[in-house]
Amino acid sequence: MNSMKHPRLLAPAAVVLIGTVMAVAVGIGHTWTDALVSEIVILFIAVGYFFITGSKGDIGAIYRRRTDERQRNVSMKASRLAMIVMFALCFVIALIEVASNSNYWQEDAIGSVGGVSFFVGLVIYGVRDEDTAGTSRGIMSSDTVDDASEVDEVRPPM
Amino acid sequence: MKNEVREFRRKRNLSQADLAEDLGVSRQTIIAIESGRYSPSLPLAFRIAKFFEVPVETMFDPTEEAVT
Numbered sequence: 001m002n003s004m005k006h007p008r009l010l011a012p013a014a015v016v017l018i019g020t021v022m023a024v025a026v027g028i029g030h031t032w033t034d035a036l037v038s039e040i041v042i043l044f045i046a047v048g049y050f051f052i053t054g055s056k057g058d059i060g061a062i063y064r065r066r067t068d069e070r071q072r073n074v075s076m077k078a079s080r081l082a083m084i085v086m087f088a089l090c091f092v093i094a095l096i097e098v099a100s101n102s103n104y105w106q107e108d109a110i111g112s113v114g115g116v117s118f119f120v121g122l123v124i125y126g127v128r129d130e131d132t133a134g135t136s137r138g139i140m141s142s143d144t145v146d147d148a149s150e151v152d153e154v155r156p157p158m
Numbered sequence: 001m002k003n004e005v006r007e008f009r010r011k012r013n014l015s016q017a018d019l020a021e022d023l024g025v026s027r028q029t030i031i032a033i034e035s036g037r038y039s040p041s042l043p044l045a046f047r048i049a050k051f052f053e054v055p056v057e058t059m060f061d062p063t064e065e066a067v068t
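Protein chains in written order, with this note's numbering: chain A, 1 to 158; chain B, 1 to 68.
Some clues are possibly wrong.
Said to hold, decoys possible - In silico lysine-lysine, DSBU-like type, Cα no more than 35 Å apart, as pairs:
id, chain 1, residue 1, chain 2, residue 2
1, B, Lys2, A, Lys77
2, B, Lys11, A, Lys56
3, B, Lys11, B, Lys50
4, A, Lys77, B, Lys50
5, B, Lys2, A, Lys56
6, A, Lys56, B, Lys50
Calculated directly from the structure, the hints in this document are not laboratory data.
The following block holds chain B by itself, in its conformation from the complex:
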C-alpha cells in the first residue's frame, strides 16, 4: 500500500528511530511501512496520521501499490 510516511517524516526532520519511538513500534516496522512491505493495522494507521496531523486518506492510499 502506497503511503507518505517517509515524506512526512523527512519534512519534520525525524529519523526512523525517532518516529518509531513516538509511535510505540520498532524501527524495523517503520522501515517496512515506508517501503510498502507492511501495511499497518487500522489503529496504527490512524495513530500515524494523527501524529502527522493529516487525514488517514492523505497518509495511506490502498488503491495504489507501493514502489519500493
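Same shape as in the complex, but just chain A:
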C-alpha cells in the first residue's frame, strides 16, 4: 500500500532539501546573496523535476523510476555517458590545474573514487550474477574459462 499521498513530490522535495543545505553552505562560505541565487536555481530544478516526472514517455518514466526493461537499458546507457563525461571533465580540469601550477587533488579524488567504484561494482554485480547451479562467475572467481565448451560443462542444460 502506498502510504504517500503525493509520491511525485518526494524527489523534488529531496532536491529542495539538499539544495537548501547547499545554499546554506554557499551563504556561510560566500555571501547570502549568492546563497539566495543558489536557492532560486534549486527551486527551478525541483519544479522542472516535478514536471519531468509527470511527462509521458521514456524520460518521465525513468525519472519516476517506473521503468520497463528497455527503459532501464536506456537509463544505464545514459548513466554510462554521464560517467564518461564526468571523468573526461575531471581529467581536463586536472590538466588545467597542473598546467597552471595549482592543486588538483579534488579532481584526482573524484577520478580515483570513480575508478575504484567501477571496480567494486564489477565485483559486486559479477559475484551476484550466479547461474542456476549456484556457480559464481564473477571476476573474483579463481576459475578461468579458456574454452567456451568448459562453460557448457559447468552450467546445467536449459
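Chain A is fixed; fit chain B onto it per the hints.
Same frame as chain A, but now just chain B:
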C-alpha cells in the same frame, strides 16, 4: 530481430497502448519492438508469444534483421 508483433496486434485490433498495458511495458517499448529497434528479453518475448497464443519462434525470428 524480425518479429510479427505488429501483425498479430493488428489482427486483434489492439492499439500499441493497449498491448503495452496488457504486457506491462511502455508504449514506446512496443513501438521499439515492432520497428525492430529493440529486441525484448527472453521473459518478455515469451510473455508476448503467450499473449498472442503462438510459439515464440513464430513471433520472433533472430536469424533475420527487421526491416524498419
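Hint-by-hint comparison with the structure:
A C-alpha spacing of about 24 Å is found between Lys2(B) and Lys77(A), which places the hinted pair at or below 35 Å, so the restraint holds. With a C-alpha separation of about 27 Å, the suggested pairing of Lys11(B) with Lys56(A) holds against the 35 Å cut-off. Between Lys11(B) and Lys50(B) the alpha-carbon distance is near 15 Å, which keeps this suggested pair within the 35 Å criterion. Between Lys77(A) and Lys50(B) the CA atoms are separated by roughly 30 Å; this keeps the pair inside 35 Å, and the hint holds.
Only pairs whose Cα atoms come within 35 Å are accepted, and Lys2(B) paired with Lys56(A) is accepted, the gap being roughly 27 Å. In summary, the hint linking Lys56(A) to Lys50(B) is supported, as the alpha carbons are separated by about 27 Å, within the 35 Å threshold.
No hint from the list above goes unmet by this structure.
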